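*Asks:* Top to bottom, those sequences are chains B and R.
Here our numbering is used: the first residue of the first sequence is 12, the next is one more, and so on.
Here our numbering is used: the first residue of the second sequence is 10, the next is one more, and so on.
It should be emphasised that the hints constitute simulated quantities derived from the structure, not laboratory data.
There could be a bad hint or two in this list.
Listed next, the in silico SDA-like pairs over lysine to any residue satisfying Cα-Cα at most 20 Å (straight line) [claimed, not checked]:
hint: 1; chain 1: R; residue 1: K28; chain 2: B; residue 2: Y117
hint: 2; chain 1: R; residue 1: K29; chain 2: R; residue 2: T58
hint: 3; chain 1: R; residue 1: K28; chain 2: B; residue 2: D89
hint: 4; chain 1: R; residue 1: K39; chain 2: B; residue 2: L120
hint: 5; chain 1: R; residue 1: K39; chain 2: B; residue 2: P121
hint: 6; chain 1: B; residue 1: K68; chain 2: B; residue 2: P123
To give a feel for the contact side, a few chain R residues facing chain B, derived at Cβ under 7 Å [said to hold, decoys possible]:
hint: 7; residue: E88
hint: 8; residue: I89
hint: 9; residue: D90
hint: 10; residue: E94
hint: 11; residue: L99
hint: 12; residue: R100
Below, a sample of chain B positions facing chain R; criterion: calculated Cβ distance under 7 Å [stated by the list, open to error]:
hint: 13; residue: V76
hint: 14; residue: S79
hint: 15; residue: P100
hint: 16; residue: H101
hint: 17; residue: L103
hint: 18; residue: A104
hint: 19; residue: V105
hint: 20; residue: K106
hint: 21; residue: C108
hint: 22; residue: R111
hint: 23; residue: R116
hint: 24; residue: Y117
hint: 25; residue: Q119
hint: 26; residue: D132
For clarity, every value in this text was computed on a predicted model and none was experimentally measured.
Each residue gets a CB set at the ideal place from its N, CA and C atoms; glycine is no exception.
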Amino acid sequence: MVSTLTLCRDRRTQETGCLEELGTMANGLWHDNRERIFLFYSFFKTLVGQPVTVELKNDLAITGVLVSVDQFLNIKLDNIKVVDEERYPHMLAVKNCFIRGSVVRYVQLPAPSVDTALLQDAARRERQQPAAVGRK
Amino acid sequence: MDSFQIFTTSTSLVDSVDKKLLVVLRDGRKLVGILRSFDQFANLVLQDTIERIYVGDTYGDIPRGIFIIRGENVVLLGEIDEDKEDELPLREVPVEEVLQIQREEMEVKVRKEKTKHRMLSEQGFSVDAAEFGELY
């Protein structure tokens, strides 16, 4: 779990809430595959407030400001705009939406706000210290 | 762990309770209703629900009543912007009319698809019948 914590701390964009949650995990609540999910969860939390494009498995692509993410990677977007509006007239009146994590195909992120070196580092360190850190 | 899970998904949907929402389901249906309850799987309870069928620049409503939706079928929940709703380039028509147009469009599509399948199989390609039509 150390890597994920570091990821948050390094970003310096995190509210303390995220660190607290990660702290709870470090107390041994989570199993190893969960921790791996949590790397992405923490990563997405660092992107809150950024414009992203979410492409769904039904080919609908929505651009909007990321409002929140949870552990299932459900996504909430604000000020949404559908990429191909004519094909999806039902989305015209929608201003913000909740997307279920299970129907997401891709999330396109703004490149400047992604520190790939940091992510790579976090992933590598997670491999080096399997599960042991997060458990008692 | 469970209490933690419930906590995070709740934070993302709790603001939408008692609001009029558009719910898109995996089978492509669009429901408009008032969200009354939900849980961590995005199982939903909708009250005073109507099913809205969109064809081209028209739509028709079918009153449906109360829905309990199993979470796995939810694609997205959108909050409807009342200001935008009034100035949509769409017009409401009686359901029968929409269903009629929808049926005609479907027939055209099926015919096209059949021709395509026939031509492909004449060329020796095997055709996956499951690819038929447009899912959600």
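*Asks:* Going through the numbered hints above, which ones does this structure break? Give me the numbers in ascending order.
*Replies:* 1, 4, 5, 6, 12, 13, 23, 24, 25 and 26
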